[in-house]
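Construct all of the structure, not just a fragment, from the sequences and the given hints.
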Amino acid sequence: MKKEILTVQNLEVSIKHLASPCGSSPAGGAEKRILSGVDFSISEGETVVLLGRNGAGKSTIVSSLMGDPRFNVSGKVKLEGADLLKLSTDQRVQKGLFMTFQNPVETPGISTTEIIRSSLEEKKGGFVPIDKVREKFTNTAQRLGENIWFFEREANVGFSGGEKKKNELIQALALKPRLLMLDELDSGLDLDSSDEISKILAEYQQETGCSYLIISHNLRVLRHLEISQSILLEKGHIFMSGDSGLVKRVEKQGIRAILNEVSDSRGCV
Amino acid sequence: MKGLNEKLVRSLSEAKKEPNWVLDLRLRGLKAWNSQKMPAWAPDLSELNLSEIETYVRPKTEMVSDWSEVPEDIRRTFDSLGIPEAEKEKLAGVGAQYDSEIVYHNLKKAVEKTGVIYLPIEEALSDPKYSKLAKKYFLKLVPPEDHKFNALHAAVFSGGSFIYVPKNTEVEFPLQSYYRLNAPGAGQFEHTLIIVDEGASLHFIEGCSAPKYNVANLHAGCVEVYVNKNARMKFSTVESWSKNMYNLNTKRALVLEGGEIEWVTGNFGSKVSMLYPTTILKETGAKCEYTGVSLASKNQVLDTGAKVIHLASNTYSTINIKSIVKDGGVSMTRTLAYVAKNLSDVKSFTNCKSLILDDQSTSNAIPEVKVKTLGAEVAHEASVGKISEEALFYLMSRGISEEKARGMLVRGFTAEISKELPVEYAMEMNNLIKMEMEGTG
Numbered sequence: 000m001k002k003e004i005l006t007v008q009n010l011e012v013s014i015k016h017l018a019s020p021c022g023s024s025p026a027g028g029a030e031k032r033i034l035s036g037v038d039f040s041i042s043e044g045e046t047v048v049l050l051g052r053n054g055a056g057k058s059t060i061v062s063s064l065m066g067d068p069r070f071n072v073s074g075k076v077k078l079e080g081a082d083l084l085k086l087s088t089d090q091r092v093q094k095g096l097f098m099t100f101q102n103p104v105e106t107p108g109i110s111t112t113e114i115i116r117s118s119l120e121e122k123k124g125g126f127v128p129i130d131k132v133r134e135k136f137t138n139t140a141q142r143l144g145e146n147i148w149f150f151e152r153e154a155n156v157g158f159s160g161g162e163k164k165k166n167e168l169i170q171a172l173a174l175k176p177r178l179l180m181l182d183e184l185d186s187g188l189d190l191d192s193s194d195e196i197s198k199i200l201a202e203y204q205q206e207t208g209c210s211y212l213i214i215s216h217n218l219r220v221l222r223h224l225e226i227s228q229s230i231l232l233e234k235g236h237i238f239m240s241g242d243s244g245l246v247k248r249v250e251k252q253g254i255r256a257i258l259n260e261v262s263d264s265r266g267c268v
Numbered sequence: 000m001k002g003l004n005e006k007l008v009r010s011l012s013e014a015k016k017e018p019n020w021v022l023d024l025r026l027r028g029l030k031a032w033n034s035q036k037m038p039a040w041a042p043d044l045s046e047l048n049l050s051e052i053e054t055y056v057r058p059k060t061e062m063v064s065d066w067s068e069v070p071e072d073i074r075r076t077f078d079s080l081g082i083p084e085a086e087k088e089k090l091a092g093v094g095a096q097y098d099s100e101i102v103y104h105n106l107k108k109a110v111e112k113t114g115v116i117y118l119p120i121e122e123a124l125s126d127p128k129y130s131k132l133a134k135k136y137f138l139k140l141v142p143p144e145d146h147k148f149n150a151l152h153a154a155v156f157s158g159g160s161f162i163y164v165p166k167n168t169e170v171e172f173p174l175q176s177y178y179r180l181n182a183p184g185a186g187q188f189e190h191t192l193i194i195v196d197e198g199a200s201l202h203f204i205e206g207c208s209a210p211k212y213n214v215a216n217l218h219a220g221c222v223e224v225y226v227n228k229n230a231r232m233k234f235s236t237v238e239s240w241s242k243n244m245y246n247l248n249t250k251r252a253l254v255l256e257g258g259e260i261e262w263v264t265g266n267f268g269s270k271v272s273m274l275y276p277t278t279i280l281k282e283t284g285a286k287c288e289y290t291g292v293s294l295a296s297k298n299q300v301l302d303t304g305a306k307v308i309h310l311a312s313n314t315y316s317t318i319n320i321k322s323i324v325k326d327g328g329v330s331m332t333r334t335l336a337y338v339a340k341n342l343s344d345v346k347s348f349t350n351c352k353s354l355i356l357d358d359q360s361t362s363n364a365i366p367e368v369k370v371k372t373l374g375a376e377v378a379h380e381a382s383v384g385k386i387s388e389e390a391l392f393y394l395m396s397r398g399i400s401e402e403k404a405r406g407m408l409v410r411g412f413t414a415e416i417s418k419e420l421p422v423e424y425a426m427e428m429n430n431l432i433k434m435e436m437e438g439t440g
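Heads up: the sequence lines are chains A and B, in that order.
For the record, in the first sequence the residue sitting at position 269 is 268 according to numbering that gives the first Met the number 0, with numbers rising by one throughout.
For the record, in the second sequence the residue sitting at position 47 is 46 according to numbering that gives the first Met the number 0, with numbers rising by one throughout.
Hints were generated in silico from the structure; no laboratory data involved.
Among the hints, a few may not be true.
The calculated lysine to aspartate or glutamate pairs, modelled on DMTMM-like cross-linking and capped at a C-alpha distance of 25 Å, are [to be verified]:
{"hint": "1", "chain 1": "A", "residue 1": "Lys131", "chain 2": "B", "residue 2": "Glu401"}
{"hint": "2", "chain 1": "A", "residue 1": "Lys15", "chain 2": "B", "residue 2": "Glu389"}
{"hint": "3", "chain 1": "B", "residue 1": "Lys403", "chain 2": "A", "residue 2": "Glu225"}
{"hint": "4", "chain 1": "B", "residue 1": "Lys346", "chain 2": "B", "residue 2": "Glu380"}
{"hint": "5", "chain 1": "A", "residue 1": "Lys15", "chain 2": "B", "residue 2": "Asp358"}
{"hint": "6", "chain 1": "A", "residue 1": "Lys175", "chain 2": "A", "residue 2": "Glu105"}
{"hint": "7", "chain 1": "A", "residue 1": "Lys234", "chain 2": "A", "residue 2": "Glu260"}
{"hint": "8", "chain 1": "B", "residue 1": "Lys403", "chain 2": "A", "residue 2": "Glu3"}
{"hint": "9", "chain 1": "A", "residue 1": "Lys131", "chain 2": "B", "residue 2": "Glu402"}
{"hint": "10", "chain 1": "A", "residue 1": "Lys15", "chain 2": "B", "residue 2": "Glu401"}
{"hint": "11", "chain 1": "B", "residue 1": "Lys134", "chain 2": "B", "residue 2": "Glu122"}
{"hint": "12", "chain 1": "A", "residue 1": "Lys75", "chain 2": "A", "residue 2": "Asp38"}
{"hint": "13", "chain 1": "A", "residue 1": "Lys15", "chain 2": "B", "residue 2": "Asp357"}
{"hint": "14", "chain 1": "A", "residue 1": "Lys122", "chain 2": "B", "residue 2": "Glu389"}
{"hint": "15", "chain 1": "B", "residue 1": "Lys433", "chain 2": "A", "residue 2": "Asp130"}
{"hint": "16", "chain 1": "B", "residue 1": "Lys346", "chain 2": "B", "residue 2": "Glu415"}
{"hint": "17", "chain 1": "A", "residue 1": "Lys85", "chain 2": "B", "residue 2": "Glu401"}
{"hint": "18", "chain 1": "A", "residue 1": "Lys77", "chain 2": "B", "residue 2": "Glu401"}
{"hint": "19", "chain 1": "B", "residue 1": "Lys131", "chain 2": "B", "residue 2": "Asp23"}
{"hint": "20", "chain 1": "A", "residue 1": "Lys123", "chain 2": "B", "residue 2": "Glu401"}
{"hint": "21", "chain 1": "B", "residue 1": "Lys418", "chain 2": "A", "residue 2": "Glu105"}
{"hint": "22", "chain 1": "B", "residue 1": "Lys403", "chain 2": "A", "residue 2": "Glu121"}
{"hint": "23", "chain 1": "A", "residue 1": "Lys175", "chain 2": "B", "residue 2": "Glu402"}
{"hint": "24", "chain 1": "A", "residue 1": "Lys131", "chain 2": "B", "residue 2": "Glu423"}
{"hint": "25", "chain 1": "A", "residue 1": "Lys122", "chain 2": "B", "residue 2": "Glu402"}
{"hint": "26", "chain 1": "A", "residue 1": "Lys135", "chain 2": "A", "residue 2": "Glu120"}
{"hint": "27", "chain 1": "A", "residue 1": "Lys234", "chain 2": "A", "residue 2": "Glu183"}
{"hint": "28", "chain 1": "A", "residue 1": "Lys94", "chain 2": "B", "residue 2": "Glu389"}
{"hint": "29", "chain 1": "B", "residue 1": "Lys15", "chain 2": "B", "residue 2": "Glu68"}
{"hint": "30", "chain 1": "A", "residue 1": "Lys1", "chain 2": "A", "residue 2": "Glu225"}
{"hint": "31", "chain 1": "B", "residue 1": "Lys418", "chain 2": "A", "residue 2": "Glu183"}
{"hint": "32", "chain 1": "A", "residue 1": "Lys94", "chain 2": "B", "residue 2": "Glu388"}
{"hint": "33", "chain 1": "B", "residue 1": "Lys403", "chain 2": "A", "residue 2": "Asp82"}
{"hint": "34", "chain 1": "A", "residue 1": "Lys135", "chain 2": "A", "residue 2": "Asp191"}
{"hint": "35", "chain 1": "B", "residue 1": "Lys403", "chain 2": "A", "residue 2": "Glu120"}
{"hint": "36", "chain 1": "B", "residue 1": "Lys403", "chain 2": "A", "residue 2": "Glu105"}
{"hint": "37", "chain 1": "B", "residue 1": "Lys346", "chain 2": "B", "residue 2": "Glu367"}
Dropping the structure here:
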């Protein structure tokens, strides 16, 4: 039995008080619950796929695990034995967690190389020469058809959708995560790049035993990966889970049909 | 020498063996200083007691053109600032001032051969070989009576550089003057006079710094730049004063037909800074591009900005200023775009952005636009913002601590300015921001 890398128990996530445009309301604004009672675990080397319709709560799971400050999060989450919710976002990364953003954020005046370098320096606690930084992603960059000088540009500023996603993967692999959460990494990518990314992910997993938690709508990025688990979310709950069969079923039937079918058999609408 | 009176001014002039016309300018300055009031709109200057300021501090050395002859303790200071090193590799010439006098001045032989003149200002004013030229320009663009602190400057100026670039001469490497104010309670009043003749080009770099003492120091320098027909000038400066410094500085440029000036300015440190480099676009086709950054932290008021006066048609200017405030610092950004009567095809664009890092700090923009013609396109934009929480989360999600991520975002905010600076100055600027962000500044 493989070692569990992530254990999530009774994860509850709500969005923090939304500031009212007219100032704070007497009740302190509304707190909207997005996820409740979410339990799952991921073992070393596993690939887990999160499925669900738009707004089901998939991105909220990964970004709340990453420590997105917009959310109030409760429950029990262990990352390789450590109490994840007690760690700051950067500490989570240094412990081996990484999330690629669905909508990567522009960082004006800061290049990707600088981001990777700063992260490596935090980990090492000292200076990392620029060549050592570039070494970490030259190979991946070449495979994705990007020149390493591209990553000297201000991160995500003026990037196309596909470039942003490649840039996310470059950063992820340069920082050698143990659990990599991919939030629609493949959206906006051309088919060849999706294939190549799938291959790169499979190879990285083989080399390092890294685990994946993947959100994807077109599933092409899963081609070269072996899916161990799939979780179907609906309205902030786990609706059902399964293995690679569920992914295939979703691909074939679509999510709504499965939801209807299962709801009917459960006797509820 | 402390304080300011006629006896002091006369003895300073005598000690410097100046011609009478220079003494006359000094006395005009003294008269204006005594008659003019403190500017009513200025930040609080009440702690600045001029009778306690040493207006002249002579370093214990003569001016030389060989670093090995500079006394060791002074040389060590400039060594630590990286100046002799930079001179070897990247500069056409270097001037270094310590307190009130230039201690080192050197121009590479190859550059000297092209007719470029780069001298301590006193030498240019006193030596008959140069004084005719210097007299034509010195304290003409910023006359002694221009404002109270230029009056003070004119009365007691000491040190600084004189540069003349002959017609159609391109100075390939920059010239750099570095001003170090080391004596506690002292004032520094250097004068920089630059003439770039027709079709010539020059990049001048100015650096300023001072260690911290518990008494107030004063810097009231003056820079006059003449950019003649079709000439090009880039003036880069990083001022990093200690936080007891009153930095009341004047910089002005006159640009003639088809000429261009580019200012790149970093304002750091000081207790109070008042500095608004001004460009007069006097003839058709003249251009000005101003880029500046300032950072005001605890107990600091940085009252800075830039002004452009369009006096001719077909002139163009941009002012791009970024200010950062933190820990209760105050930033005032004053800009002026002036367009005179009966002009056509004038374009002027001003953009001021401010980054406020906490609730205790204040940032004000005071843009002034005076357009007296219909033939001008003048635009002004100002914005104030905080650090983006989204970008902060993004950087932290790459494994970067919050403190470091904030520092990166602040440096990112000023990146377009640091990339305009020579690399070592850009590094210095980034370091200054980093030190401020980590509270070690």
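Verification of the hints:
no.	hint	result
1	A:Lys131 to B:Glu401	holds, 24 Å
2	A:Lys15 to B:Glu389	holds, 15 Å
3	B:Lys403 to A:Glu225	violated, 38 Å
4	B:Lys346 to B:Glu380	holds, 14 Å
5	A:Lys15 to B:Asp358	holds, 21 Å
6	A:Lys175 to A:Glu105	holds, 22 Å
7	A:Lys234 to A:Glu260	holds, 17 Å
8	B:Lys403 to A:Glu3	violated, 32 Å
9	A:Lys131 to B:Glu402	holds, 24 Å
10	A:Lys15 to B:Glu401	holds, 20 Å
11	B:Lys134 to B:Glu122	holds, 12 Å
12	A:Lys75 to A:Asp38	holds, 9 Å
13	A:Lys15 to B:Asp357	holds, 21 Å
14	A:Lys122 to B:Glu389	holds, 22 Å
15	B:Lys433 to A:Asp130	holds, 23 Å
16	B:Lys346 to B:Glu415	holds, 22 Å
17	A:Lys85 to B:Glu401	holds, 15 Å
18	A:Lys77 to B:Glu401	holds, 22 Å
19	B:Lys131 to B:Asp23	holds, 16 Å
20	A:Lys123 to B:Glu401	holds, 17 Å
21	B:Lys418 to A:Glu105	holds, 19 Å
22	B:Lys403 to A:Glu121	holds, 9 Å
23	A:Lys175 to B:Glu402	holds, 23 Å
24	A:Lys131 to B:Glu423	holds, 23 Å
25	A:Lys122 to B:Glu402	holds, 15 Å
26	A:Lys135 to A:Glu120	holds, 13 Å
27	A:Lys234 to A:Glu183	holds, 19 Å
28	A:Lys94 to B:Glu389	holds, 22 Å
29	B:Lys15 to B:Glu68	holds, 21 Å
30	A:Lys1 to A:Glu225	holds, 15 Å
31	B:Lys418 to A:Glu183	violated, 35 Å
32	A:Lys94 to B:Glu388	holds, 22 Å
33	B:Lys403 to A:Asp82	holds, 24 Å
34	A:Lys135 to A:Asp191	holds, 23 Å
35	B:Lys403 to A:Glu120	holds, 11 Å
36	B:Lys403 to A:Glu105	holds, 17 Å
37	B:Lys346 to B:Glu367	holds, 15 Å
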